[in-house]
Amino acid sequence: MDMLLQFIANGLVSGAFYALSALGLTLIFGLMRVVNFAHGELYMLGGVMGWLATTVLGLNFFAGLALTLAVMGACGWLVDRFLIERVRDQGEEPSILLTIGLSIFLTNTALLLVGTAPLTIEGPLPNKPVFLGPVVLTELRVFAVAACAVLILAAHLVIRHTRLGRAMRATFQDPMAARLAGINTARVYASTFALGTMLAASAGMLLGSIYSTHVSAGGLVSLKAFVVVILGGMGSFAGAIVGGLLLGLAEALWGGYISTGTVDIIGFIIVILTLIFKPYGLFSTQVERA
Amino acid sequence: MTASNPKILLRVSDLHVAYGKIAALHGIDLAVGEGETVALIGANGAGKSTILRAISGLLKPSRGSIVWNGDDITGRSAEKVVAAGIAHCPEERHVWPAMTVRENLILGAFLVSSRQQVEERVGMAFHRFPRLRERYKQMAGTLSGGEQQMLAIARALMSEPRMLLLDEPSLGLSPKMADEVFEVVREINGHGVTVLVVEQNVHNALAVASRAYVVETGTISTEADSATLLEDPEVLSAYLGA
Numbered sequence: 001m002d003m004l005l006q007f008i009a010n011g012l013v014s015g016a017f018y019a020l021s022a023l024g025l026t027l028i029f030g031l032m033r034v035v036n037f038a039h040g041e042l043y044m045l046g047g048v049m050g051w052l053a054t055t056v057l058g059l060n061f062f063a064g065l066a067l068t069l070a071v072m073g074a075c076g077w078l079v080d081r082f083l084i085e086r087v088r089d090q091g092e093e094p095s096i097l098l099t100i101g102l103s104i105f106l107t108n109t110a111l112l113l114v115g116t117a118p119l120t121i122e123g124p125l126p127n128k129p130v131f132l133g134p135v136v137l138t139e140l141r142v143f144a145v146a147a148c149a150v151l152i153l154a155a156h157l158v159i160r161h162t163r164l165g166r167a168m169r170a171t172f173q174d175p176m177a178a179r180l181a182g183i184n185t186a187r188v189y190a191s192t193f194a195l196g197t198m199l200a201a202s203a204g205m206l207l208g209s210i211y212s213t214h215v216s217a218g219g220l221v222s223l224k225a226f227v228v229v230i231l232g233g234m235g236s237f238a239g240a241i242v243g244g245l246l247l248g249l250a251e252a253l254w255g256g257y258i259s260t261g262t263v264d265i266i267g268f269i270i271v272i273l274t275l276i277f278k279p280y281g282l283f284s285t286q287v288e289r290a
Numbered sequence: 291m292t293a294s295n296p297k298i299l300l301r302v303s304d305l306h307v308a309y310g311k312i313a314a315l316h317g318i319d320l321a322v323g324e325g326e327t328v329a330l331i332g333a334n335g336a337g338k339s340t341i342l343r344a345i346s347g348l349l350k351p352s353r354g355s356i357v358w359n360g361d362d363i364t365g366r367s368a369e370k371v372v373a374a375g376i377a378h379c380p381e382e383r384h385v386w387p388a389m390t391v392r393e394n395l396i397l398g399a400f401l402v403s404s405r406q407q408v409e410e411r412v413g414m415a416f417h418r419f420p421r422l423r424e425r426y427k428q429m430a431g432t433l434s435g436g437e438q439q440m441l442a443i444a445r446a447l448m449s450e451p452r453m454l455l456l457d458e459p460s461l462g463l464s465p466k467m468a469d470e471v472f473e474v475v476r477e478i479n480g481h482g483v484t485v486l487v488v489e490q491n492v493h494n495a496l497a498v499a500s501r502a503y504v505v506e507t508g509t510i511s512t513e514a515d516s517a518t519l520l521e522d523p524e525v526l527s528a529y530l531g532a
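Chains as they are written, first to last, in my numbering: chain A, 1 to 290; chain B, 291 to 532.
Everything labelled a hint here was simulated from the structure, so no lab data went into it. You may find that some hints are simply not true.
Unchecked claim - Distance windows between CB atoms, simulated: (1) A:LEU157 with B:GLU324: 22 to 28 Å; (2) B:SER511 with A:LEU157: 42 to 48 Å; (3) A:GLU93 with B:ARG405: 57 to 63 Å; (4) B:LYS466 with A:ALA70: 44 to 50 Å; (5) A:GLN6 with B:THR390: 31 to 37 Å; (6) A:ALA186 with B:LEU461: 27 to 33 Å; (7) B:SER511 with A:ALA154: 17 to 23 Å; (8) B:LYS297 with A:ARG163: 53 to 59 Å; (9) B:THR390 with A:MET3: 46 to 52 Å.
Glycine included, each C-beta is placed from N, C-alpha and C at the ideal position.
Only chain A is shown next, with the shape it has when bound in the complex (with noise of 0.2 Å):
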């Protein structure tokens, strides 16, 4: 029993990651219909990014982690003006394609910069064990848990709350109308594809202070976070949420007692399941779309 809760507190742990690196993804797809695979490349740059913010230049892990959001950021804007652009309302497979080149492009670039050590970034705190009941967490953990919450909650209000957030809202659901109403749609897309590469930048980061970062990342958080996002309904802000924590629910106890070797097969098979049983995912957005 105590075994149990153990593993379903390293669950919401890893899911708390999962939910905020397929955030970026489904956002992305939800309002710009682009299937983004570098999707864990921007997680990976994240990571080494907020190595070289902490590590190299030597700042503390907040001012790294807002360096690392700015730079990124303003990444992602770049790649939507001068790429994404170029194949925008072309339908989805130049966008894949695109996309595709792009995560080979991130990977090289950051292996010839940066090698293929594994890259750790220090935490904001120390790797001391915290006692919830029988449940045993470091401090980091914690910490890194309520920041991708804060994170989360934060993208959240942005898109619900603000000016910024209708108009990519409006965007969304009618692009027409939207430039009608004055909105410059360009820029929404481009803010958007930045607030995506600013979420998975800062999972990458975040998550290189618990085990470590290293460029070939990549592949493996762009799979989860597509499981993820399927799971939970393409587009749908809940949905990546909700599955970001079941998918790490189900690795956590699939690892506990099944095998540790064969985790990451779990997200294959609640694909697979998704797809049989319900299509669109958890919450479905095709409702909204219509």
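Let chain A serve as the given structure and place chain B on it in line with the hints.
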């Protein structure tokens, strides 16, 4: 232009627009005076909506010019055209279905930065369209066709335009609802807003407009006072099958 309208607000000259390689407009000339209501009438596919889309910046003209209040606005982006005072209420309404009536209205005033001013305008919209007030929390997608049309017009007015481009406001509405919509158009015009309306139902159009241009396969074939057109059944049946 009739002599009674001293100031021309919008002048379109030799306007050409193409969709890809297919030319839709081949040299449109028209002018709208301040305070007028002018109709564009003509058969389906004649290019009436294309004219409005070119004026509002949704489409880039391949040739010709659009002069608004003395400024050349040819090829300006849609958001700059709204900012200049032209609002376009598109065909099929295009309200944001998964947003509330209130949110639709607030977004209509997207370029207004003062919150207080936006609230005032929302209040005015509710005053003008009491039915929207009753439904302000409802998702726009759940409104009836007529209510959606009212919302689309109210949203376009949120930018407080000097000119309203209105595309097929009676499309898909019951005759009673269409009458109501045109009553609103008349009232808006009475408040000094210049209106350029595209309408397939010629009688509706001529009842609300003082003048009309007849659009035929991408060109203007006739321009006349509504009264003249209404008294000329031959013109009406020849051009419009009315």
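Going through the hints against the structure:
1. A:LEU157 with B:GLU324: 22 to 28 Å: Hint violated: Cβ distance 44 Å, outside 22 to 28 Å.
2. B:SER511 with A:LEU157: 42 to 48 Å: Roughly 55 Å apart at Cβ, these two residues miss the hinted range, so it is violated.
3. A:GLU93 with B:ARG405: 57 to 63 Å: The hinted range 57 to 63 Å is violated for GLU93 (chain A) and ARG405 (chain B), with Cβ atoms some 43 Å apart.
4. B:LYS466 with A:ALA70: 44 to 50 Å: Taking Cβ atoms as reference, LYS466 (chain B) and ALA70 (chain A) lie about 57 Å apart, which means the hint is violated.
5. A:GLN6 with B:THR390: 31 to 37 Å: violated, 45 Å
6. A:ALA186 with B:LEU461: 27 to 33 Å: For LEU461 (chain B) against ALA186 (chain A), whose Cβ atoms are near 30 Å apart, the range 27 to 33 Å holds.
7. B:SER511 with A:ALA154: 17 to 23 Å: 58 Å Cβ-Cβ, so the 17 to 23 Å window is violated.
8. B:LYS297 with A:ARG163: 53 to 59 Å: violated, 35 Å
9. B:THR390 with A:MET3: 46 to 52 Å: holds, 48 Å
This entry does not satisfy hints 1, 2, 3, 4, 5, 7 and 8, going by the numbered hints stated previously.
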